[in-house]
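A.B. asks: Based on the hints, put chain B in the right spot on chain A.
So you can see what is in the structure, the chains are spelled out below.
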Amino acid sequence: MNKKLTFAAALLAATVMGGMANAKQLVYCSEASPAGFDPSPWSGGNDFDASSRTIYSRLVEFEHGKTTISPGLAESWTVSDDGLEYTFKLKSGVKFQTTDYFTPTRDLTADDVIFSFERQWKKENPWFEYLPGTGWEYFAGMGFPDLLKEVVKVDDLTVKFVLNKPEVAFLPDLGMDFASIVSKEYADQLEKAGTKEQFTQKPIGTGPFQFVDYQVDAVIRYQAWDGYFGGRQKIDDLIFAITPDPAVRAQKLKAGECDIMSYPAPADIAGLQADTNLKVDEQEGLNIGYMAYNTTQAPFDKVEVRKALNMAVNKQAIIDAVYQGAGQVAVNPIPPTMWSYNTSIKDDEYNPDAAKKMLEEAGVKDLSMKIWAMPVSRPYNPNAQRVAELIQADYAKIGVKAEIVSYEWTEYRERGKAKDRDGAFQLGWTGDNGDPDNFLFLLGCDAIGQSNYAIWCNQEFQDLLLKGKATTDVAERTKIYEEAQVVFKREAPWLTIAHSKVFMPMNKKVSGFVMDPLGIHRFDGVDVTE
Amino acid sequence: MLRFLLQKLALIVPTVIGISLAAFAFVRLLPGDPILAMAGERGVSPERYAELVVRFGYDKSYIVQYFNYIGNVLSGDFGISIATKRPVLGEFQALFPATLELATVALIIAVLIGIPAGIFAAVKRGSWFDQATMGVALTGYSMPIFWWGLLLIIFFSGYLGWTPVSGRIGLQYFFKPVTGFMLIDSLLSGKPGAFTSAFSHLILPSIVLATIPLAVIARQTRSAMLEVLGEDYVRTARAKGLAPRRVIGLHAFRNALIPVVTTIGLQVGTLMAGAILTETIFSWPGIGKWMIDAIGKRDYVVVQSGLLIIALIVMAVNLIVDVLYAVINPRIRVQ
Numbered sequence: 001m002n003k004k005l006t007f008a009a010a011l012l013a014a015t016v017m018g019g020m021a022n023a024k025q026l027v028y029c030s031e032a033s034p035a036g037f038d039p040s041p042w043s044g045g046n047d048f049d050a051s052s053r054t055i056y057s058r059l060v061e062f063e064h065g066k067t068t069i070s071p072g073l074a075e076s077w078t079v080s081d082d083g084l085e086y087t088f089k090l091k092s093g094v095k096f097q098t099t100d101y102f103t104p105t106r107d108l109t110a111d112d113v114i115f116s117f118e119r120q121w122k123k124e125n126p127w128f129e130y131l132p133g134t135g136w137e138y139f140a141g142m143g144f145p146d147l148l149k150e151v152v153k154v155d156d157l158t159v160k161f162v163l164n165k166p167e168v169a170f171l172p173d174l175g176m177d178f179a180s181i182v183s184k185e186y187a188d189q190l191e192k193a194g195t196k197e198q199f200t201q202k203p204i205g206t207g208p209f210q211f212v213d214y215q216v217d218a219v220i221r222y223q224a225w226d227g228y229f230g231g232r233q234k235i236d237d238l239i240f241a242i243t244p245d246p247a248v249r250a251q252k253l254k255a256g257e258c259d260i261m262s263y264p265a266p267a268d269i270a271g272l273q274a275d276t277n278l279k280v281d282e283q284e285g286l287n288i289g290y291m292a293y294n295t296t297q298a299p300f301d302k303v304e305v306r307k308a309l310n311m312a313v314n315k316q317a318i319i320d321a322v323y324q325g326a327g328q329v330a331v332n333p334i335p336p337t338m339w340s341y342n343t344s345i346k347d348d349e350y351n352p353d354a355a356k357k358m359l360e361e362a363g364v365k366d367l368s369m370k371i372w373a374m375p376v377s378r379p380y381n382p383n384a385q386r387v388a389e390l391i392q393a394d395y396a397k398i399g400v401k402a403e404i405v406s407y408e409w410t411e412y413r414e415r416g417k418a419k420d421r422d423g424a425f426q427l428g429w430t431g432d433n434g435d436p437d438n439f440l441f442l443l444g445c446d447a448i449g450q451s452n453y454a455i456w457c458n459q460e461f462q463d464l465l466l467k468g469k470a471t472t473d474v475a476e477r478t479k480i481y482e483e484a485q486v487v488f489k490r491e492a493p494w495l496t497i498a499h500s501k502v503f504m505p506m507n508k509k510v511s512g513f514v515m516d517p518l519g520i521h522r523f524d525g526v527d528v529t530e
Numbered sequence: 001m002l003r004f005l006l007q008k009l010a011l012i013v014p015t016v017i018g019i020s021l022a023a024f025a026f027v028r029l030l031p032g033d034p035i036l037a038m039a040g041e042r043g044v045s046p047e048r049y050a051e052l053v054v055r056f057g058y059d060k061s062y063i064v065q066y067f068n069y070i071g072n073v074l075s076g077d078f079g080i081s082i083a084t085k086r087p088v089l090g091e092f093q094a095l096f097p098a099t100l101e102l103a104t105v106a107l108i109i110a111v112l113i114g115i116p117a118g119i120f121a122a123v124k125r126g127s128w129f130d131q132a133t134m135g136v137a138l139t140g141y142s143m144p145i146f147w148w149g150l151l152l153i154i155f156f157s158g159y160l161g162w163t164p165v166s167g168r169i170g171l172q173y174f175f176k177p178v179t180g181f182m183l184i185d186s187l188l189s190g191k192p193g194a195f196t197s198a199f200s201h202l203i204l205p206s207i208v209l210a211t212i213p214l215a216v217i218a219r220q221t222r223s224a225m226l227e228v229l230g231e232d233y234v235r236t237a238r239a240k241g242l243a244p245r246r247v248i249g250l251h252a253f254r255n256a257l258i259p260v261v262t263t264i265g266l267q268v269g270t271l272m273a274g275a276i277l278t279e280t281i282f283s284w285p286g287i288g289k290w291m292i293d294a295i296g297k298r299d300y301v302v303v304q305s306g307l308l309i310i311a312l313i314v315m316a317v318n319l320i321v322d323v324l325y326a327v328i329n330p331r332i333r334v335q
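From first to last, the protein sequence lines stand for chains A and B.
First residue of the first sequence? That's 1 in this note's numbering, and the numbers climb one at a time after it.
First residue of the second sequence? That's 1 in this note's numbering, and the numbers climb one at a time after it.
Excised from the complex, chain A in its bound form:
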C-alpha cells in the first residue's frame, strides 16, 4: 500500500511540476499538426494558427476580433481613382526574427513584399515549385493570378500593386494568411545553401512569436520575438500541444495540462462551463450551413417547389438536436454579424400544410429526391447525416420521399458540382476576409462548376454582385448586398439552415484572448496570470 502511495505521489509530483516554469508560458491544445510553417501553400485553419498568425505579419491586419482591417506592415496606403493601383508605404525598421538558424542583415523592404507574392504567382520564380507540387491554392482560389498585373518596387519602403480590374475586397484579401510577408534574404540564403525545404521547416517572419522547435505530431514551441514591431508579447513561451481528440483536449484543459483549447465537442461544453477553474468564451461564427437545390433539374427549377421544400423543414428542431442550441436559424446567405446583413427579410415560415399545398399547386406529386450528407463534421454543420435524417422526416410529412446519400469527402464535393446532380446538397462556408462578397460569390454565375452547388445563375443577382465588386463606397455596397439578399430569398436556391456558434474554453488565468470571427486563433496580446 505504501509503495502504491509513493508511486502515486511521484506521478502527482511529476504532473504538478508541469505547471512550474520560470518563463511565462501559454499552452494551447490545438486540433491537428500543421502541414508546414510556410504560411502560403496550405489552407487549413490549423496551418494558419501555427504559421501565419504566430510567426508572420501582413501588409494589413484584421483588427482583433473584427473583420475590419488596420495597418500591419504597411503604415499607410493610397488607392488610385480607378481602383487599379494600391500603393503601400511600409513601416521602417521592421525586423525579421533572429534565430539560431538565421540572422537578418537588413530590415523589411519592398523586395520582401514582392517576393512574397511572386513566389506564389510566377511559375518562373525559383520558389514557385520549391515544395514538390505546391498548388498555392489560396492565392489561386482568391483569383490573384488574374487579378494582379504587377507588383512594383517604388523605393525600399514603398510598393505598388497594379490590378487588371478593380477589386473592392483587395485590402481585406491582403489581410489573409496566404498574403503573409516572408523574408527574401532568408530565401536567398537557403537557395544558396541548397536547402530550400527549410523555408517551411524553420520559418522566419516578422510576427509576434518566433519558431523554436517542432516535434512532429506532438508539440510546437515558440518564444516571444523581442524585436516585434508591435511590441514584445507579455507571455514568453507559446506552446501548441497537438491533441486531435476533442474529448482529450477537454480533459487536458481540466487537468491544467493546457491553458486554452480549440473546437470543443458540443457534448463537452456544459461540463467545461461548470468547471470553476475555466471560462468558456463564445461567439457567433462567421459561417453558414446550407442545402443547395440543383436549380437546373426539374422540379427544383421551379421557385415554388424550392420554397415549398424550405417551408417543410423545421429548422429550429435541427438547431436543437444537431447544434445542441449552439447556433441560430439562418435566414440569409450571410451571417447576421456581417455588415450589409438584411434584417428586414423574414424567413420562410415552417408550415408543412402550406408546403404540401404549394407542391400540389406546382403540379408535383409523389416526389422522390436525394439529400446529400457531408461525411465530415464542420463548425457550420456538425452532423450532416443527422440533419439529413431530420429533413427526410420533415419531407415525409408533405409526401416527399427522400433518400440520403454520402461519399468520401473529396468525391462528395466533386460529385456535387455535376450539372445533372440529383437532389439537394448540404454544405457550408466560413468567411475568409469579412467581406459580404466572400459569401455571396458562392452563388454567382462564375462559380458554377466550382462553389455554386445550386447551379443557379440569376441575372439580377449576378448584376448586383458585379455592381457590389465595382463600388468602393461601403454605404452603397451595403444597399446593393441588401438587395441581393432579397433576390436570394425570393428565388430560394438554398435552404439556409444555420449559423453556428463557436466556443473557446480556457483557464481563468488566461486574459486578453479575443475570439476571432474568421475562426483564427491569435495569441498576440494574450497574458497569463501566475
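Among the hints, erroneous ones may be present.
Claimed, not checked - Residues of chain A placed beyond 10 angstroms of chain B at every Cβ, according to the derived structure:
#1 G65
#2 V152
#3 V154
#4 V168
#5 K192
#6 E197
#7 A270
#8 Q283
#9 A298
#10 K307
#11 D320
#12 V331
#13 R413
#14 K489
#15 D516
#16 T529
To be verified - Okay, the calculated beta carbon distance ranges per label pair:
#17 A/V405 to B/R55: 28 to 34 angstroms
#18 A/A396 to B/G18: 45 to 51 angstroms
#19 A/Q201 to B/D77: 18 to 24 angstroms
#20 A/H64 to B/G18: 53 to 59 angstroms
#21 A/V162 to B/S61: 43 to 49 angstroms
Source of the hints: derived by calculation from the structure; they are not laboratory data.
Glycine included, each C-beta is placed from N, C-alpha and C at the ideal position.
C.D. replies: Frame of chain A; chain B shown alone:
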C-alpha cells in the same frame, strides 16, 4: 540452421512483392483524390489540377506508376508526402521510435502479466481465479480501445489526477531527441524529473495498448498449458515425485511455450493496429496516427510506403519468432 534461415528469407521476397502490390492498389481503390484532398475545401482550378496530376505522375497507367514506385523504393527513395512535402522515410524515422517504445512496453506488460496469469489459470483450472482471469481476459479482448482509453483518462487523469492526460513528456522538459525513445532520452537529458514524467506519460497508453494482447496471451497460455498438463510425460514426472513447481516450470511450460511464442509474434501486428487508435487518443506522435492522417488526406505516397515499411517490420519480427521456435524446439529445424 542456415538452410532454415535461407528458406524463411526466400519466402519473404514474394510476400514483400504481394504487400507492395496490395498497398499500392489499396490506396487507389479508396474513393477520393489526393490532389483534391491536398487542395482543401477551397478547391483548385482545372488547369492547376491537370498540372499537378502530371507533376505527381498520376496521368500514367497504374502499371507504370507501380514500377516507378518499386524502382524508387529499391533505390531507397520512399517518396515525398503529398500533404506535408516531407520525405516519407524521414517522417517514419522521426515517428517510429514513439510507436516502438509504446508497443514494446505494452508487449512487456502483456507478456509479464499474461503468461503467469495463463499458467495459474491452467494449474488452478475451474477455480475462482481461473474463472475470474478468463472473464477479465474476455472483457479485455472485447473492449473497444477508443472507449477504454477515454475511460482510463477520465478516471486516472481527470478524476484522480494520478497520470497525465496525453503526450509523451511534460511540456516543461525540452531537449533534442537522441534516440527517439523518450525513456532513454529523458535519462540522457540529465534533467531532474524528466524520466519520471516520461514514464508517467507511458502508463495509460501502454495499458490500453497491452489490453488485447494480454488477454490473448493469457488465454493462449492457459489452453496450451492445459493440453500439456494432460500429457503422459507430465504424469510421469509427477509420479517420479518431482516438485510441482519443477513439473510445471520445466516439463510443462517449456513445451507449452511454442504456441505462446507464436501468439506473441502475431501480437506485433495487433499492436501496430492498436497503436492507430491508442496514439490518436493519447496524442502519441507515432506511426499509427501518422497513417490515419495520411489515409484521411489520401496521401498515396505515405500510405503505400508506410504500409510497406510496417509490413517489412512485422515480417522481420515473425522471422525472429520462427528462429526462436527453432531454438526452443530443435525438431522444427529438422522439419
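A.B. asks: Beyond 10 angstroms from every Cβ of chain B: is that where the Cβ of A/G65 lies?
C.D. replies: holds, 24 angstroms
A.B. asks: Would you check whether the claim that A/K307 is not at the interface survives, using Cβ distances to chain B and the 10 angstroms cut-off?
C.D. replies: About 29 angstroms separates A/K307 from the closest Cβ of chain B, which puts it past 10 angstroms; holds.
A.B. asks: Over 10 angstroms from every CB of chain B: does A/V331 meet that, or does the non-interface label fail?
C.D. replies: holds, 24 angstroms
A.B. asks: Determine whether the Cβ-Cβ distance between A/V405 and B/R55 falls within the hinted range of 28 to 34 angstroms.
C.D. replies: Holds, since A/V405 and B/R55 (Cβ atoms, about 32 angstroms apart) stay within the stated range.
A.B. asks: Over 10 angstroms to the closest beta carbon of chain B is the bar; see if A/A298 clears it.
C.D. replies: Consistent with the label, A/A298 stays out of reach of chain B, its closest Cβ about 28 angstroms off (over 10 angstroms).
A.B. asks: Could you check the hint for me, namely that A/H64 and B/G18 are 53 to 59 angstroms apart, CB to CB?
C.D. replies: holds, 57 angstroms
A.B. asks: Beyond 10 angstroms from chain B, beta-carbon-wise, is A/K489?
C.D. replies: Label holds. Min Cβ-Cβ 26 angstroms, cutoff 10 angstroms.
A.B. asks: So is A/V152 really clear of chain B, every C-beta pair being over 10 angstroms apart?
C.D. replies: With a cut-off of 10 angstroms, A/V152 remains clear of chain B, as the shortest Cβ separation is near 26 angstroms.
A.B. asks: Can we trust that A/D516 is non-interface, i.e. its beta-carbon lies farther than 10 angstroms from all of chain B?
C.D. replies: holds, 18 angstroms
A.B. asks: Quick one: work out the minimum CB distance from A/Q283 to chain B and report holds if it exceeds 10 angstroms, violated otherwise.
C.D. replies: holds, 21 angstroms
A.B. asks: Does the hinted range 18 to 24 angstroms hold for A/Q201 and B/D77 at CB?
C.D. replies: holds, 19 angstroms
A.B. asks: Hey, does A/E197 actually stay past 10 angstroms from chain B on C-beta?
C.D. replies: violated, 7 angstroms
In terms of the numbered hints stated before, the structure departs from hints 6, 13, listed from lowest to highest.
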